[in-house]
Amino acid sequence: MIEVKIDGMTCNGCVASVKKALAAADPASSTEIDLASGTARIETQMPRDRVVETIEAAGYDVVAG
Numbered sequence: 022m023i024e025v026k027i028d029g030m031t032c033n034g035c036v037a038s039v040k041k042a043l044a045a046a047d048p049a050s051s052t053e054i055d056l057a058s059g060t061a062r063i064e065t066q067m068p069r070d071r072v073v074e075t076i077e078a079a080g081y082d083v084v085a086g
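For the sequence shown, my numbering gives the first residue as 22, with consecutive numbering after it.
Note that these hints are calculated values from the structure, not bench results.
The structure displayed is predicted, hence computed values, not measured ones.
Treat each hint with caution, since some may be false.
Derived pair list, reagent style DMTMM-like, types lysine to aspartate or glutamate, alpha-carbon separation capped at 20 Å [what the hints assert, rightly or not]:
| # | residue 1 | residue 2 |
| --- | --- | --- |
| 1 | Lys26 | Glu77 |
| 2 | Lys41 | Glu53 |
| 3 | Lys40 | Glu77 |
| 4 | Lys26 | Asp82 |
| 5 | Lys40 | Glu74 |
| 6 | Lys40 | Glu64 |
| 7 | Lys26 | Glu53 |
| 8 | Lys41 | Glu74 |
| 9 | Lys26 | Asp70 |
| 10 | Lys40 | Glu53 |
Please take these sequences and the hints and turn them into a complete structure.
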């Protein structure tokens, strides 16, 4: 399980964009995002750096994790 804090998410559409990007990178992944705290928990086989790259490519900043 990888946990990261994401900056820049302001609505459920943002959450959907992040989930879609992660699912495209690893279809077997499972992602839970708390919009209020900006925290994402991702169950994936991808390494942490690939998760961060995927989120950032979707247009959001990973600020912790």
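Each hint tested on the structure:
1. With a C-alpha separation of about 12 Å, the suggested pairing of lysine 26 with glutamate 77 holds against the 20 Å cut-off.
2. The straight-line distance between the Cα atoms of lysine 41 and glutamate 53 is roughly 12 Å, inside the 20 Å bound, and the hint therefore holds.
3. At roughly 12 Å between alpha-carbon atoms, lysine 40 and glutamate 77 fall within 20 Å of each other, so this suggested pair holds.
4. Straight-line distance between C-alpha atoms of lysine 26 and aspartate 82 comes to about 8 Å, which keeps the hinted pair within the 20 Å bound.
5. For the hint linking lysine 40 to glutamate 74, the alpha-carbon distance of about 13 Å falls within 20 Å, and the restraint holds.
6. With a C-alpha separation of about 12 Å, the suggested pairing of lysine 40 with glutamate 64 holds against the 20 Å cut-off.
7. Of the supplied pair hints, the one linking lysine 26 and glutamate 53 holds, its CA atoms being roughly 12 Å apart against a limit of 20 Å.
8. Note on lysine 41 and glutamate 74: the hinted pairing holds, with a Cα-Cα distance of about 14 Å set against a maximum of 20 Å.
9. At roughly 14 Å between alpha-carbon atoms, lysine 26 and aspartate 70 fall within 20 Å of each other, so this suggested pair holds.
10. With a C-alpha separation of about 8 Å, the suggested pair lysine 40 and glutamate 53 falls inside the 20 Å cut-off, and the hint holds.
Figure legend: structure checked against the earlier numbered hints; every hint is met.
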